[in-house]
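2 protein chains.
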Amino acid sequence: MTHPMLTKHRDKLDAATAAIASRDYYSAYPESPSPRIYGETAAADGKAEFESVLGGEFTLDLPGITDYVATEDSPFGIELGVHYPRVPADKLITAAQAAWPSWRDTDPATRAGVCVEILDRIHSHVFALANAVHATTGQAFVMAFQAGGPHALDRGLEAVAYGYAEQLRTPATARWEKPAKGEPLVMNKTFHIAPRGIALVIGCNTFPTWNSYPGLFASLVTGNPVIVKPHPHAVLPLALTVKYAREVLAEAGFDPNLVTLAAEDPSDRVAAELATDPRVRIVDFTGSNEFGDWLEANARQAQVYTEKAGVNTIVVDSTDDFKGMCRNIAFTLSLYSGQMCTTSQAIFIPQDGIDTPDGRLSADEVVTGIATAVGKLTGDAERAVEIIGAIVSPQGVERITAAADSGEVVLASKALTHPTYPGARVHTPLLVKVPAEAKKAYGTECFGPITYLVTTADTAQSLQLVSEVVGEQGALTMGVYSTDEAVLDDAERTARDVAVHLSCNLTGGVFVNQSAAFSDFHGSGGNAAANAALTNPHYVSGRFTIVQSRRHG
Amino acid sequence: MTHPMLTKHRDKLDAATAAIASRDYYSAYPESPSPRIYGETAAADGKAEFESVLGGEFTLDLPGITDYVATEDSPFGIELGVHYPRVPADKLITAAQAAWPSWRDTDPATRAGVCVEILDRIHSHVFALANAVHATTGQAFVMAFQAGGPHALDRGLEAVAYGYAEQLRTPATARWEKPAKGEPLVMNKTFHIAPRGIALVIGCNTFPTWNSYPGLFASLVTGNPVIVKPHPHAVLPLALTVKYAREVLAEAGFDPNLVTLAAEDPSDRVAAELATDPRVRIVDFTGSNEFGDWLEANARQAQVYTEKAGVNTIVVDSTDDFKGMCRNIAFTLSLYSGQMCTTSQAIFIPQDGIDTPDGRLSADEVVTGIATAVGKLTGDAERAVEIIGAIVSPQGVERITAAADSGEVVLASKALTHPTYPGARVHTPLLVKVPAEAKKAYGTECFGPITYLVTTADTAQSLQLVSEVVGEQGALTMGVYSTDEAVLDDAERTARDVAVHLSCNLTGGVFVNQSAAFSDFHGSGGNAAANAALTNPHYVSGRFTIVQSRRHG
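Protein chains in written order, with UniProt numbering: chain A, 1 to 553; chain B, 1 to 553.
These are computed hints drawn from the structure, not numbers from a lab.
None of these values were measured; they are calculated from a predicted model.
Treat the hints with care, since some could be wrong.
Distance windows between CB atoms, simulated [unchecked claim]:
id	chain 1	residue 1	chain 2	residue 2	range
1	B	Asp-358	A	Ala-172	49 to 55 Å
2	B	Ser-288	A	Thr-444	37 to 43 Å
3	A	Thr-66	B	Asn-298	35 to 41 Å
4	A	Asn-298	B	Asp-265	34 to 40 Å
5	A	Thr-444	B	Met-1	41 to 47 Å
6	B	Asp-265	A	Pro-278	35 to 41 Å
7	B	Ala-15	A	Ala-172	20 to 26 Å
8	A	Ala-272	B	Ala-402	20 to 26 Å
9	A	Thr-66	B	Arg-269	47 to 53 Å
10	A	Ala-460	B	Ala-272	36 to 42 Å
11	B	Ala-272	A	Pro-278	54 to 60 Å
Heads up, simulated PhoX-like pairs for lysine-lysine below, C-alpha to C-alpha not over 25 Å straight-line [what the hints assert, rightly or not]:
id	chain 1	residue 1	chain 2	residue 2
12	B	Lys-243	B	Lys-8
13	A	Lys-178	B	Lys-12
14	B	Lys-323	A	Lys-178
Idealized CB from N, CA, C, for every residue including glycine.
Using the sequences plus the hints, can you model the full thing?
Here's what the structure looks like:
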């Protein structure tokens with residue numbers, strides 16, 4: 001009997017599975033919030049849903065609720081006041097264990113069908129989700145909609161496709177017939193998918209859905225219950241996610257406690273408690289190196305997938321479109337105030353300058369070109385806030401102040417007043433010029449709108465520094481600008497050596513800090529910035545094992 | 001240009017790849033040492049090759065040899081006296097690093113072709129290898145030939161097939177075309193296989209080739225140089241392996257230092273030194289829980305694959321072939337003196353007895369049936385030694401003595417004189433009957449020819465004890481005998497819960513302690529006995545990452 005949710009989503013699942021194999025363009029969820037696509041009332045309905053939960057107790061029928069906690073603090077100063085149910089860690093684990101068997105024992109295709117229905121259900125509330133992401137992360141609304149909604153859902157679907165495909169690698173049964181003297185030896189074999197067990201997803205403040213959906217759906221589709229532990233400042237996007245996941249699971253005939261929410265007061269340290277519980281077998285984490293490293297060292301009973309911090313770089317060697325290059329880099333540095341794990345932090349420029357169609361430009365002219373482009377994008381407050389959003393935490397503002405002392409400021413950061421949210425923490429990007437020797441400054445992750453323009457002896461030194469910095473600190477992205485094929489080849493070799501994804505000569509509508517689900521990998525899992533790629537076969541294959549049974553045929 | 005070694009082995013590679021997908025019977029290397037298969041002179045030639053290396057310096061042109069060490073101590077008392085070149089750990093690592101680039105950067109298909117040629121080359125010396133395995137492990141000759149030769153080679157080929165297939169999961173290139181206003185956005189993408197880096201394979205004394213080949217070939221085919229660290233008492237089988245691997249690599253146009261040997265004096269502790277070197281990125285280990293756990297905790301810069309110890313069990317509930325059951329179990333307990341990581345250690349029997357075609361048999365009758373069958377197999381020294389071989393270490397003999405005090409001895413272990421090797425350490429299996437409460441005895445791994453026959457309240461308790469013991473200690477195999485489908489289903493559920501592979505009602509020529517490459521998984525990676533399955537997709541997918549590069553199309 002095919003589960004009706006599988007029947008309903010078969011085509012989407014097949015398309016997603018084909019896309020991860022071909023890595024062509026594919027998207028299941030439209031990224032434009034246009035009313036022509038989503039309908040005339042969608043935006044207003046979503047905003048109304050969002051507003052309806054503010055200031056009250058969030059309804060989630062979790063087992064064993066002890067009390068409610070309100071911990072959010074919007075970078076825009078939006079009053080949220082949502083109170084989330086708090087459940088002791090042990091209760092969440094016991095509930096997940098009890099919910100597990102029927103989900104564990106059903107077939108992978110049914111799980112995939114139910115997972116796609118969850119994604120679609122969330123998508124039908126995408127404007128509410130976008131408002132929640134906007135308010136909690138400080139992302140401008142359109143970005144919150146895209147990155148927090150369709151792009152996150154696409155990444156979730158990608159994880160479903162990978163997890164589903166991976167479970168089909170080994171056949172469910174086999175007949176083994178070995179030639180022997182007289183009668184052949186015949187064994188009938190059954191290969192069971194044996195899901196690992198309870199999974200924990202630890203969300204981050206900046207991308208609560210985008211960074212959580214891969215782990216959440218990878219674990220779920222491979223048969224594991226998932227406890228979602230949101231960042232205390234970005235609970236609502238994941239609370240909505242859990243709400244709709246539970247709704248679909250119940251409708252599909254499964255126990256909704258397969259997906260629960262672990263809201264906490266930050267002093268609870270519930271992430272550490274859950275992550276080291278012997279019953280928790282999978283941990284997905286996005287956040288600081290400190291806690292990520294701690295999890296890798298201490299959650300030894302679990303498969304631990306971490307995405308931490310790194311130092312993303314761009315090497316400028318030469319270009320056939322100087323303005324396009326500057327515009328493209330400026331957008332990357334400005335978008336969400338550089339608070340993406342993929343934003344470039346260090347840009348290497350040879351001290352003797354670079355060749356361009358307008359002739360040779362000095363290093364200072366290149367620096368000025370980039371600084372001017374950033375200044376243009378962020379000069380007008382009303383336009384700027386739709387790109388830079390707000391600074392997610394007060395520490396981010398402190399880092400800007402500190403970084404201004406670490407070199408020659410070529411573009412100062414300014415505090416802006418947000419036209420809609422007077423209480424918003426809005427600061428334009430800071431650009432600092434430093435010499436190659438200042439590795440301590442540019443070679444240490446400095447989260448936020450802070451970019452180092454590093455002058456080097458030449459491009460060979462630039463690549464050498466990339467190799468050293470990324471080798472030590474890790475990175476998710478690297479960019480290079482060059483009209484010289486040999487330099488591009490060298491850059492590609494460097495990128496391979498330190499396992500960082502490379503973008504070459506981006507001057508148009510593709511940016512080094514953005515990746516497209518189904519085609520671009522996010523991270524490689526091969527350097528210190530992340531021990532896993534979201535999403536590839538290795539990211540899903542450890543979430544279950546195969547257990548065989550054999551009998552004489 | 002297709003590499004000639006790939007052209008030569010394309011069919012074998014395709015057949016192996018098809019076999020891992022279908023899990024039908026497949027074998028590339030004939031397991032019978034018959035002269036009709038291997039030729040009239042093969043056995044004598046192999047023995048001569050083996051004897052030619054005894055008592056001298058083993059020729060291996062490793063870089064930076066400082067001196068030679070002779071550390072082997074044959075369980076049969078065979079004088080080996082082979083002196084192996086010793087190279088400081090740092091030198092081995094530097095040589096591997098220097099050898100790496102051309103292997104890393106060639107295509108997966110070429111690597112697969114070269115790996116198969118290495119396997120074939122080893123196979124052409126399989127009788128020398130069999131003598132080496134026989135002499136160092138204490139396995140009887142035919143077993144040493146089969147397990148140490150063709151079965152190990154098949155497992156190696158299986159790893160090549162998995163590793164090769166895994167590298168093809170992501171296309172080498174893709175064209176991505178995203179619809180956009182006006183012109184579509186077009187990116188050309190390249191996806192590079194980025195091998196992790198230097199791999200270390202730590203061999204064991206009992207199965208130096210069988211347990212090392214999966215990791216060795218999985219790492220090699222995915223583009224990593226491999227340092228092979230043999231057990232000091234079982235160097236020769238891996239020295240021969242390394243010798244022929246280097247020979248083929250050089251012929252294929254690669255640096256032979258892609259595969260090196262780390263022979264050591266046991267006091268060198270070179271395994272720990274190599275495993276924690278930051279340049280070593282992959283570790284494969286077979287051996288004790290103590291060192292395996294240490295590696296998992298300390299070789300944090302590496303992907304660590306361990307196969308450690310566990311407690312394998314059999315649940316006897318009922319049977320339609322009592323004699324077949326006893327014979328089958330007896331062979332498992334006797335083969336290589338129970339020194340396989342897959343040998344059953346605890347056999348659970350209901351205290352009220354079991355149903356058989358000859359009526360109900362009491363628990364004591366079942367115990368006697370198994371003990372008698374073991375006694376028959378091992379009663380005559382000349383026949384016995386061809387099954388039980390020798391005890392690999394003096395500690396094994398001590399464990400037999402100690403275990404005899406842990407319950408009611410139903411079959412005493414006897415020291416036998418080996419007809420060919422008077423100095424051999426030969427001891428027949430010990431069978432001890434204990435009650436269910438004696439979990440401390442039967443529930444702790446006790447390596448060697450020691451089996452506990454455990455009387456339980458009923459089969460439900462037997463399964464509960466399996467669940468507890470395997471849940472705590474891990475296991476690679478589980479057997480069940482029952483004529484009741486409901487009991488078989490319960491056993492299968494228990495097996496899935498603790499991720500142990502199950503064999504049902506084995507009464508013929510298939511044994512619970514033996515697995516067939518390409519069809520049976522060895523371990524699940526889901527319990528404490530091993531963190532990896534040899535071999536499945538997850539076992540190979542972490543040995544490389546994917547690094548992408550994208551440019552405007």
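Cross-check of the supplied hints:
| no. | hint | in the structure |
| --- | --- | --- |
| 1 | B:Asp-358 to A:Ala-172: 49 to 55 Å | violated (37 Å) |
| 2 | B:Ser-288 to A:Thr-444: 37 to 43 Å | holds (41 Å) |
| 3 | A:Thr-66 to B:Asn-298: 35 to 41 Å | holds (40 Å) |
| 4 | A:Asn-298 to B:Asp-265: 34 to 40 Å | holds (35 Å) |
| 5 | A:Thr-444 to B:Met-1: 41 to 47 Å | holds (46 Å) |
| 6 | B:Asp-265 to A:Pro-278: 35 to 41 Å | holds (39 Å) |
| 7 | B:Ala-15 to A:Ala-172: 20 to 26 Å | holds (22 Å) |
| 8 | A:Ala-272 to B:Ala-402: 20 to 26 Å | violated (42 Å) |
| 9 | A:Thr-66 to B:Arg-269: 47 to 53 Å | holds (51 Å) |
| 10 | A:Ala-460 to B:Ala-272: 36 to 42 Å | holds (38 Å) |
| 11 | B:Ala-272 to A:Pro-278: 54 to 60 Å | violated (27 Å) |
| 12 | B:Lys-243 to B:Lys-8 | holds (21 Å) |
| 13 | A:Lys-178 to B:Lys-12 | holds (18 Å) |
| 14 | B:Lys-323 to A:Lys-178 | holds (23 Å) |
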